[in-house]
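Residue numbers (the UniProt record's numbering), protein chains in the order written: chain A, 1 to 780; chain B, 1 to 155.
These are calculated hints, taken from the structure and not from any lab test. Just so you know, even glycine gets a beta-carbon here, dropped at the ideal spot from N, CA and C. Where hints are given, some of them may not hold.
[Unchecked claim] Which stretches of chain A does chain B cover? Using the computed rule of at least three CB atoms under 8 Å from a CB of chain B, they are: (1) 24-36; (2) 188-197; (3) 232-244; (4) 644-650; (5) 658-671; (6) 677-685.
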Amino acid sequence: MTRETTQGTSRAPAHTGVVGRSLPADDAAAIVAGDLEYVTDRRVDGMLHGAVHRSAHPHARIVSVDTARAASEPGVVAVLTAGDVPCNQLGTDSENGAVLAGDVVRQVGEAIALVAAADPETARRAADLIEVGYEPLPVVDGPDSPAPVTVHPRGNVAGTLTFESGDVATALSSSDLVVDVDTTTSAQEHVAIETPGGMAEWDLGKITVWCGSQNPGLHRKLVAHALRLNLDDVRLVSNPVGGAFGSRNDDPAPVYLALLAWHTTRPVHLHLSRRETIVAGPKRHPYRTRVRLGFDRAGTLRAIDSRAVADTGPYVTAGRNVLKTSAELSSGPYAAPNARFDGTVAYSNNANAGAFRGFGAPQVAFALETAVSEAAVELGLDPVQIRRANLTRPGDAHSLYGHTVSRSLRASQTLDAAAAHPWWRDRDAWAAGSAGPWRRGTGIAMAIKGVGMGSGKGDTARARLIVSATGTVNIWAGPNHTGQAIGTAYRQIAADTLGIDHDRIRVHVGDSELVPESGATAASRSMYAGGSAVHQVCGRLRAVLDEPGVDTGASFDDVAAHLVASGRAEYEAEFVLPDVDDIGRIPPEALADYAPHAVYGCSAQVVRLEVNTLTGEIRLHGVVCAVDAGVAVNPGATVGQAEGGVAQGVGFALFEEYRLDAGVPVTTSLENYLIPTAMDVPPIETVLVTGHENTGPFGAKGMSEVVVVPTAPAIAAAVGSATGFWPRHLPMTPERVRAGLSAMSGEGTSERSGRRSAAERARTRARPENMSAEPAEGAS
Amino acid sequence: MSGDSMRVNGTPARGHDPGARLLDVLRDDLGLRGVKEGCGIGECGSCTVLLDGEPVCSCLVFAGQAEGRDVVTAEGLAPAGELGRLQQEFVDHQALQCGYCIPGVVVSAAAHLAGADHVDESSVREALSGNLCRCTGYSKLVAAVLATADDGDQA
Chain A
1 MTRETTQGTS RAPAHTGVVG RSLPADDAAA IVAGDLEYVT DRRVDGMLHG AVHRSAHPHA
61 RIVSVDTARA ASEPGVVAVL TAGDVPCNQL GTDSENGAVL AGDVVRQVGE AIALVAAADP
121 ETARRAADLI EVGYEPLPVV DGPDSPAPVT VHPRGNVAGT LTFESGDVAT ALSSSDLVVD
181 VDTTTSAQEH VAIETPGGMA EWDLGKITVW CGSQNPGLHR KLVAHALRLN LDDVRLVSNP
241 VGGAFGSRND DPAPVYLALL AWHTTRPVHL HLSRRETIVA GPKRHPYRTR VRLGFDRAGT
301 LRAIDSRAVA DTGPYVTAGR NVLKTSAELS SGPYAAPNAR FDGTVAYSNN ANAGAFRGFG
361 APQVAFALET AVSEAAVELG LDPVQIRRAN LTRPGDAHSL YGHTVSRSLR ASQTLDAAAA
421 HPWWRDRDAW AAGSAGPWRR GTGIAMAIKG VGMGSGKGDT ARARLIVSAT GTVNIWAGPN
481 HTGQAIGTAY RQIAADTLGI DHDRIRVHVG DSELVPESGA TAASRSMYAG GSAVHQVCGR
541 LRAVLDEPGV DTGASFDDVA AHLVASGRAE YEAEFVLPDV DDIGRIPPEA LADYAPHAVY
601 GCSAQVVRLE VNTLTGEIRL HGVVCAVDAG VAVNPGATVG QAEGGVAQGV GFALFEEYRL
661 DAGVPVTTSL ENYLIPTAMD VPPIETVLVT GHENTGPFGA KGMSEVVVVP TAPAIAAAVG
721 SATGFWPRHL PMTPERVRAG LSAMSGEGTS ERSGRRSAAE RARTRARPEN MSAEPAEGAS
Chain B
1 MSGDSMRVNG TPARGHDPGA RLLDVLRDDL GLRGVKEGCG IGECGSCTVL LDGEPVCSCL
61 VFAGQAEGRD VVTAEGLAPA GELGRLQQEF VDHQALQCGY CIPGVVVSAA AHLAGADHVD
121 ESSVREALSG NLCRCTGYSK LVAAVLATAD DGDQA
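Based on the sequences and whatever the hints tell you, model everything.
This is the structure in structure tokens:
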């Protein structure tokens, strides 16, 4: 459908606009008072408590499951295993795994049995009393594993994506400079502060699940599928919830809850521990990414050659779509006449990887931006200049796919906004202040990220509106709120579309029974898609209000009463995200397989830091985050998203590494999986780049993912500028930095300095084409 | 069962199991569910409460250790239905997102404002360093606390 309300902004009536104002989140006062009841805070009389028995092995056949001792514990009401699940599969794809493993476990922490008991301690004790007999299988500990088995019968390759435009090999061989960067990035854990859980009740043939979800529609399907229920007999209430970041996209906790409540016909509460959340929950895919960039002497990009191997762990879930995003963003914001992406997503017995804010972008952007930064050094060009000169211009063709890049892309303005900050302009003075082992540096990097699920997907958000006879406008809309105050933004959009006070508007999100299916809180789409649907549904009411004789200047109470009395108080609308205008080189029948985006958000970031050349320690002194969000509907909330995104980027860059040893998790608590504290995150200066996305509500578009992406490569570039050592592996721990600095000053470097000789460059060109998943050279 | 009582948000509370975690007594016995559990091992700070004015992780304190002492949770920082100055600054600064960590953050901040000789950005960051927040990047939290300190009307 076409959007008919794009012009609605011009209608903004006499009412004082609230779009563009920093309104606190609707639930802010309840939060600071400790009064907001999250899904895991829910309690009802007579409820049972759930617990999960999980696999101790990364890969094993299950020989036996003995539940006798657990079942005989006083207080235990139910012990469920694979045979108790009506349809024992998480969704329709068998490679997404079972609800409860019955034959084979493919990951430490995989769920094998569920317990319901009178109190939480009994439930946990009973879960521990379940005895599982295993026959261990060889462990596939990564995409290069020599293990003589595969994780799934069809093999260890979960998916591939290759695409080429132009002739990359020829372009590289004729380039004046080829920069070759071979990187690894680590599995990152979301660490939403509320661990998964909630409550479920089975009543009158219907199941209601209160559990955090970024995708209530998907979770409803997972529950209905596992229990063989009619979709309409499953209700998911998915907030308030304590953080998400991708972790609640296909989390199985709602299915566990539903299964326990259905079996026991009693309310069941479940709240997973931090340890089981870290061990069993999804991670950002660890990647190996190798990028080769060909430039001419003037610094014009001739070719981008990107190869990526992603480790998706035992089940594919979001893996293929993550790889798809990596492919589209492998050329970043840059224009090159020749581009190639060759990607594989592979199974292993490592951590289950899934959706994480940025969704395949941070991994490839780290390699690409590092390569661009190093090219600037080699060519003697300013890092901003080389980027600006090679940016894809709005309306131009995308380097890889050739689709039209949105005219609202403001990559150039975003880059300039970051570079205009004193922390960039004064970088020489900053470096001159280096003292002793502390070397000062400044780095810059940038990224784009698509908004929505991409072309060919039919990505749609919907909204429903009912005017009450007493003058309140109730709106049910999605995507859901997981912390970004999206309901408040919907209210702002509604108020300005309708021209009424925002206090009269109530927005309801996150209830699958009431909110029309609007897709996931994912892909930077909530503001753009959900906000557009709200704008649209309010536009319908507005059109009625504008009819002669309806809005007579009486109070809105009177108008509302009139609307109700005349049967014109209810409205629905949907917004279908636009596909790209021109699909370029993508075969039309395969559009959804590549799913290029019509709209991109952009961020450019500057990092100022010090590196201790004796210890490898990095001290951040500041991050500038320039971000193009189109029009910021709620600027304070938008800045909050930027700051939070940068902090997660800092963690990805410096600390966060979910480690396993032969499939056995090592970093299983917040004692050894470290996320940034208030002392680790430096001052962040966010610059909202003024823009207007013509297809978005009041000019807004998505920005909450792209802000995560440039932080790590900007930090790496600052380390490079400070020391000459260019990190290739994330996180940049003191050990890795120290090893890299040592190697740089000696022979046989495993980490290469950005300043390379012509002979080295020649070797680079001669390097063999094939790439395994682990760097051949010793990782520092 | 304990015969002694602790005072929770100014009200005597008795009858709790002295061997239970203070966190569980507050949440489950007393219904103070602003005290959140995020890790259970004293790393995340979501369960922070004041024990005789000192911030502690209530997951690491036995209820018996609180006997005869004053416990204050986020719910007790202001009279019911009202917000204290510090809490209002968090609202006004949009210093929260999902909000799950925030009751603990506010309690740590209140202790810092009440106890520190001098409050500046560095001291606030240190005071909040035991409270993990995954949403905000901390900048707005720090700003809200500093704004409260500037007002001189602490917590």
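Here is how each hint holds up against the structure:
no. : hint    : result
1   : 24-36   : holds (count 11)
2   : 188-197 : holds (count 6)
3   : 232-244 : holds (count 5)
4   : 644-650 : holds (count 5)
5   : 658-671 : holds (count 3)
6   : 677-685 : holds (count 6)
Consistency with the previously given hints is maintained throughout, with no hint failing.
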